[in-house]
Structures are given as C-alpha cells and as structure tokens.
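Novice: Heads up: the protein sequence lines correspond to chains A and B, in order.
1 is the number of the first residue of the first sequence in the numbering used here; add one for each residue after it.
1 is the number of the first residue of the second sequence in the numbering used here; add one for each residue after it.
I should point out that these hints are in silico values taken from the structure, not numbers from a laboratory.
There may be inaccurate statements among the hints.
Pairs involving identical chains hold if they fit within one copy or between any two copies, as the list cannot separate such chains.
[Unchecked claim] Taking lysine-lysine and the PhoX-like style, the derived pairs with C-alpha atoms no more than 20 Å apart in a straight line are:
| no. | residue 1 | residue 2 |
| --- | --- | --- |
| 1 | LYS336 | LYS375 |
| 2 | LYS204 | LYS88 |
| 3 | LYS324 | LYS59 |
| 4 | LYS122 | LYS5 |
| 5 | LYS450 | LYS421 |
| 6 | LYS79 | LYS324 |
| 7 | LYS100 | LYS88 |
| 8 | LYS358 | LYS375 |
| 9 | LYS484 | LYS415 |
| 10 | LYS354 | LYS375 |
| 11 | LYS122 | LYS238 |
| 12 | LYS324 | LYS336 |
| 13 | LYS450 | LYS204 |
| 14 | LYS238 | LYS79 |
| 15 | LYS358 | LYS122 |
| 16 | LYS375 | LYS415 |
| 17 | LYS375 | LYS204 |
Bear in mind that the values here come from a model prediction, so they are computed numbers and not experimental data.
There are 2 protein chains.
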Amino acid sequence: MADDKALTPRAEDFSAWYNEVVQRAELADHSPVRGSMVIRPWGYGIWEHMQRALDDMFKATGHENAYFPLLIPMSFIEKEKEHVAGFKPELAVVTHAGGKELEEPLVIRPTSETIIYSMYAKWVQSYRDLPVLMNQWANVMRWELRTRLFLRTSEFLWQEGHTAHATDAEAEEETLRMLGVYRTFMEEWIAMPVVTGLKSDSEKFAGAVRTYTCEALMQDNRALQAGTSHNLGQNFSKQFDLTFQSEAGAEEYAWNTSWGVSTRLVGGMVMTHGDDTGIVVPPRLAPTQVVIVPIYRKEHERTAVVEKAHELRARLADAGVRVKVDDRDHLNPGAKFWEWERKGVPFRLEIGPKDLAKEQVVLVKRVTGEGEDRKAFLPEAQALAELPQRLEDFQAQLLERARARREANSHRGVKTLEELKEILDGPGGFVYTGWSGDPAVEERVKEETKATLRCIPGPDFRSPNAPERCIGGGDSTMEVVWAKAY
Amino acid sequence: MADDKALTPRAEDFSAWYNEVVQRAELADHSPVRGSMVIRPWGYGIWEHMQRALDDMFKATGHENAYFPLLIPMSFIEKEKEHVAGFKPELAVVTHAGGKELEEPLVIRPTSETIIYSMYAKWVQSYRDLPVLMNQWANVMRWELRTRLFLRTSEFLWQEGHTAHATDAEAEEETLRMLGVYRTFMEEWIAMPVVTGLKSDSEKFAGAVRTYTCEALMQDNRALQAGTSHNLGQNFSKQFDLTFQSEAGAEEYAWNTSWGVSTRLVGGMVMTHGDDTGIVVPPRLAPTQVVIVPIYRKEHERTAVVEKAHELRARLADAGVRVKVDDRDHLNPGAKFWEWERKGVPFRLEIGPKDLAKEQVVLVKRVTGEGEDRKAFLPEAQALAELPQRLEDFQAQLLERARARREANSHRGVKTLEELKEILDGPGGFVYTGWSGDPAVEERVKEETKATLRCIPGPDFRSPNAPERCIGGGDSTMEVVWAKAY
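The shape of chain A in the complex, shown without the other chains (with noise of 0.2 Å):
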C-alpha cells in the first residue's frame, strides 16, 4: 500500500518530490543491486503503452524487431575509437563463466551498434539486400555511482534501432524520420513537448558523425534529452567490414543510423505534468483511464452501488476504455482517492447510493484549466457517451498546458553572457543564443554556468529573427538553446 503522508512541495524541493512521488506512486522502487531498479506493474504499465505506440510507429515506417546478444566481447567495443572512448569508464565486465575465467572478458552491451553491424556484415552482400531497417527492445548497462529511478540507472530497458543503407543521403532521411517519429511520440502520447535539433560536436553519440536529439523542459526548467537518432555515417562499417556491391558492381561500405528512446520517459513523463499531489498520467499511457469508486456505509447499499460500478465498468470497457472497480473493502473511500491521484488516473468515476437513486454518477478529473470545475454531476448515460470524448480532451490539455510553461520558460533572442548566466542561475529554462560554432565558446559558457548546449534547434524552433552575435562575442553563424540538464 502507497504512503499516506504528503509529498515535499515541487516549489519546496523538486528533486526530493520527484524521489518521493515515483516511490509512492508506486512506479518503481530501489533494489539490493546498488544502480539498478525495479519497475513496479504502474510503472511498468505505462512502460508497456509506450513500448506499444513506438512499436506501431516502427512498423509502419517498415522496421522489423530482432533480438541480439546482451554480452559483447571487449575487443568489439574497442574496434571504434571514438565510441570505446565514451563507453568504457561505464561498463559491467564478465570475466567468469560456467565456473571458469573467460579467454577474453564480456562487457553487458551499453548499447549494441559493434555486435549488430557486425553481424549485418554477415547477412548483407548487395545493394538488393539494403536498407536493413531493424529494432531490438532490451536492456542495457552503464555503470552509475549516483542514479535517481528511470533517469539514471545502471541497467535500463530501452529500444535500439539500428539500419543500413546503400547511400549517406538515405541515412541521414531515416535519420531524420525517426527523429520526427520520436518528436510525433513525446508529443501525441506523453504530451510532452520537445525542441528537435542538432547536438554540437562535444554532445553528439560516441561514434556518430551527428546526433540529433529532443530536448524536454522539465517543471524545474531542467532539460531532459528524451530520445536521440544518430546518423552513423561509415564509422562502423569501416570497422566491421558492413560492406555491399553496389549496382555498379562496386565493393562500398554501408552508411548506418542508430536511435533510442528508454525508460528515461517515464521520469520526464512524472517531470512533466506531476503536481504536489501525485503524478498525472496522460490518458492514452495510462493503464487504468478510468477507476470507479463504489461509496457506502452500510451493507444492503454494498451490494447495490458495487452492482452498479461493475456494470458501469463492463459497459465502458465496451467503448474501449481501460476502467477498473475498486472495491476494496478495507480502504474508506477518501484513501482510495488519494492512492489514485497519487497515481495520476486521469478521470475517477464515484457513485454511492443517491447517486444511484438519481442514476447519477460522480466524475472527478485529475487536473483542471483554468475556472473548470473538477467534480461533474453528470446522469450517467451522459457520463458514459462523452467519456471516450473527455479522455481525448484531457490528453490534449496536457499538452497543451505542458507546451503554454515550455514556451513561458524559453528564453529568446539573449545577447550577453551575463544576461545568459542570469537567466540560468535564477529561473532556468530554454535560453536561445547566437552562436559561432566555436566549441571554446561552448566550453566557457559550460564552465561559467553549468549550462549545455542543448541543441541547435530544426526549423520548427529557431526564433522569427536570426540572431546575429555569438553569445561569446563576433559573428553568430546558427542559434542554440542552453540549458542545465538532467
């Protein structure tokens, strides 16, 4: 059962409410293993909903699923330099198995590109055997002294897309597809907005020739880099020999892609819409859309008002919403409310014994607008026709709101450093700059205010005027969006 006592204030301490509401919300909970956690069924839940809608969007952009190995040898993460570089200080070795030392040590993948292309090599040997368009959904390891649950942890579930092309022009398409795909997913089904754009050169994948990355704004006006989609170029194919015969007749190395997304956005989901009173879940991510709260006193009413939030279940289900009866019997009504808004079920239906006499229903909506009331007296045949209608409305009034705070914490058209250091060290946010491209620049404003460049933003997101000064002084030559970031 979920803790009764009130959580820290957002306002009073972010990061202490997040640790608590992802707990008592029973998302997921700390484990023996130091970094690694346990997803609880709600977390997991929601997981599941994600995991579906990405996996769709998959499919219908024509990727496949396929299953690689967890354990990689040591001398495959090392064939690209750049990537061993970034990888290595993170990795879970296996030097024992089946009672012996091992010949060579195992790394637990921190991601899977050297042993997929590796055996891409195997399977691809003419441009008619291009594009390979393949996902895996696993788990992966990358060793963390400090974790905080579904943001950093050392072992967690993610999906890997990993594809192979005949030219770099397709690569950097599919690229860019499947970083629409993930800006179309954060937004339609976690209502979370994101600015989509390019990392510079000292944020981008280790290994990628460029990364592209969606950048969330949490409540505390932290970034959160949701989802990212590198375009690989050759640098792995040169490395594992992924070569093809061209139709010319040519022997040419493949040009690949690889994107992720993990179980990170359950965090920024919390992040994103959580009040003091618990989480929120958008409708379509939610594993229950719709709990009915039975009410009564005594037991002939009992079975009647029970009786009834069955049927009304039954008949919802019917119109394919995911509702769920809760009739404990040892919990009084006002601790089954607050466990499910602790829990961030979107819409709770009560129904006692007047209700049932006036063939009423109760609907209470787990957040609100702006003068909208939060209890509807509704006749319960009206109840059950709009609420299919009134799920759809409240995700869209998600995103809706969570967009109105994005865009009243985004920073545009800042000149000075000053003015940036300002901005970052008081209410934080999205601050857009010019900047040259100098990555001494980037350094210098990292050091000066603990700040990242996030991402030099795609077209959706640049401001209606170019800036024309570098944040660090001299010609701008492309805008950017700092921000401290989780």
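Use these hints to put chain B onto chain A, whose structure you have.
Specialist: Okay, now just chain B, sitting in the frame of chain A:
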C-alpha cells in the same frame, strides 16, 4: 537472401536438418559470442506473436508485468541450498564495473526467484497485500558449452511468473492454473500437443517443492520440455523473510509459485511441424500468413498484376489477414516460392496475367492432408472470402496431425525394462510404464536407456488401466512417461 541448397532430409539426420532449417528459414543465427544467438526478424516475429498471446492470457488470469534487475548479488543465489546447487555451475559473473573491481560479485540472472522475493518481502505486510501476481519478460543467462539455436543457448528470452499467496492450497491452485494456461497456449497457438504432469524429485526445479511440466514429442521421437510451473512452498519466503500478518494476526511465511516458458518454444514449433522443404509456421503465429506472388514476364504485364496483388493485399488486410506482396524484381517466382516455403508461410497466392483475365487466383497451401490438393484455382472473390476460415482450418489441421503423430508414437502398457529399452533404442517416443516411486529405479532406467522420466502424467493423459507393476519390478504406485529428451 536465404540459401537455395536442399536441406538434409529429416530421416537422414534430424539434428543436421534442424540446424540447417533454423538458419535457412532466417529464424536465428550464431553470433560471435559463444553460446549466444541472434534472433532474426522472422524468428522474432513468431516470438512476438507467442508473447502477445501468452501476455493476454496472463493478464486475463489477473497477472501484471513488472521488471526486476538483470544482476543479482552472489549472496542471494547462495541462500537457498538446492537453488545454488542447481544453478551455480551455469552462472556468468560480473566482477568489474565502472572501471573497478566490485566488492561483491554480481551474477547475470539465471532465473529471478531470489531478487524478486527479496522485493516482495519489502512490499508485503498483511494478508490484504496477497496474492501478489507478477510476470516479467526478460533475458536470462545459463552458461552452456554445447549450444543449439533456440533449444540450448547461454542467453535466452523468456517470461517468468512469480506469485505469493497466503496459503499452500492457493499456491498449488495457481501452479496448476498456469500449467493449464501453458497447455492451452501450446495446443491452440503452436498447434503442439503436450502431455502435462508432475516431475519426479530428481527432475524438479532447484528450489521447488513440486514442478509440473508440459512435455511435447518432436518428430525424431525425442521429448521437449516446453514449459514448467513450480510450487515453491515456503522455500524462498523463509530465506528472504517474505512474511505477512494473517487475518488472525499471526506472522506467517508466504507461499510462492514460479512458472516460465522461453524462446525454446520456437525450436519446438520447428521440430513439431517442419518438413524437408522448410519450417511450417502455424497461422496464429505467422508474421505473414499469406504471401502474394505476382507472376509476369513483360513490363506491361507487371503493372497490372502487381496492381492487382496490392489490391488483394489491402482487401485481405481489411479482413484481418497478415499478408504481404513479394514484388521484388530481381527474383523469379520459383525462387520466391522456395523462400516462403522454407520460411513456412501458410498460404501462397499466385496471380498472373491469365488469372487476371479469368478473375481467379491460385492458392497454394504449405501443408496438405491426405488426398488434399496443394493448389486450388479459385475465383478471386471466393479466395478473399474464404481465406480467414482456411487459415483457421489449417491451424486445426496442424494440431490434429501433430496429435496423431504423438499418439502413434506413444507406447502404453509397457511392463519390462527390456521392452522399454527396445522401444527407446529403436523408434523412440513416449513410453508409459508403472513406477514404484523409487529413485533407484529411475536412476537405473536412465543409465540403461539414456531416457529420463519426463513426468507423472496428469489425469487427462493416464492410460485407461493403471499399470500394476513397476518397471523396476514390484508394485507400481503411479504411471510415468519415459523418453529421450532434448
């Protein structure tokens, strides 16, 4: 592209046939990591259909999914004496992580009883928190030196259900319920009939009180253990302090069950239905149930035929059929036929210029019964209307055929060790005999025949007349099934 060479016939070398067909049907491939396999999209697609069906059945019986850590402290595995004895020789051990040697080695889960019940101990306080009914879909590792794709690999994918109950009776009920779910799934989805029953003490799960099993008979007359369901009693709850306060107020240990099936089932499907042409995928598991092959010689023929193929595809998809058009230009129809037959697609639909003129299609069935035609020339409308039912009929036919083969190779009423040995050295199959329950008899049969006691069959599978004599001499107390096994 798959290899065009003919397969080794099953009758010549079943084992060679299996190894070839798994790779040439592109189900799986060997990886550069000894003992680990790669599951390719065709194999993974079949596994996805298995997962979806099982997952729906688990949820319909009240279970929720969760996720527990990959790595388990060595000390956890060592707590339950029989458990550690069973699994220690197969462990893969992480000794270093994050650039340092770990204080305590961590093992990659061979199964998750220990870590899961340690978490249940944290979550369960009262009888009101019971039952806990969880499942996880995960990878596990049991180090193997002699591996076979799907049947025996170091890493494999599976689901493991773990439950906690207030009474022994409830735990036993759950153990048998999930055995029933497995049996239904194997029969109705894989079209693979199984004998269910109890394992003898020497064959039960390391740490279980009782293990129930599903045993299938492969075409080479060897048994495949296809899934197991364990009543764990209080063996683990006592080691991990998984206690609860009973309704009467007493502190009691919970009663556990665990149950699992794995990607091994894909191997079972191959060895149940495959033939010398390739594998046969039961329609309910087939990622593609119908492949449409347009046939043409000239370019103007191509346009019309391919257009019609896509029209039929769209109409079949609307009827809920998983259908694909193979319009690759660089392969001739014969090469496509061979490829899809090797991959076991239930139906092929051919359409050429003459068929177009006659508004007919040619429907070719992957497997035919006695006296049944392989090819049917059908009016287009009839083919479209009948295909969903023909797929269901095909599914039923596969189960019937497999059951008939299993029955033809089940030997009942066997009374002497000589007779048993003669059958097992000869044709093989399931051999039913009496048994006293004496482990020494079991050991002697194993030594003399290389067969193992597969199970003490449940009521549905017992012979009409209970055997009177034990196979080792003396009185019988139960009937048992022997077979050589994978």
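Novice: Could you check the structure against the hints above and give me the numbers of any it violates, in ascending order?
Specialist: 6, 15, 16 and 17
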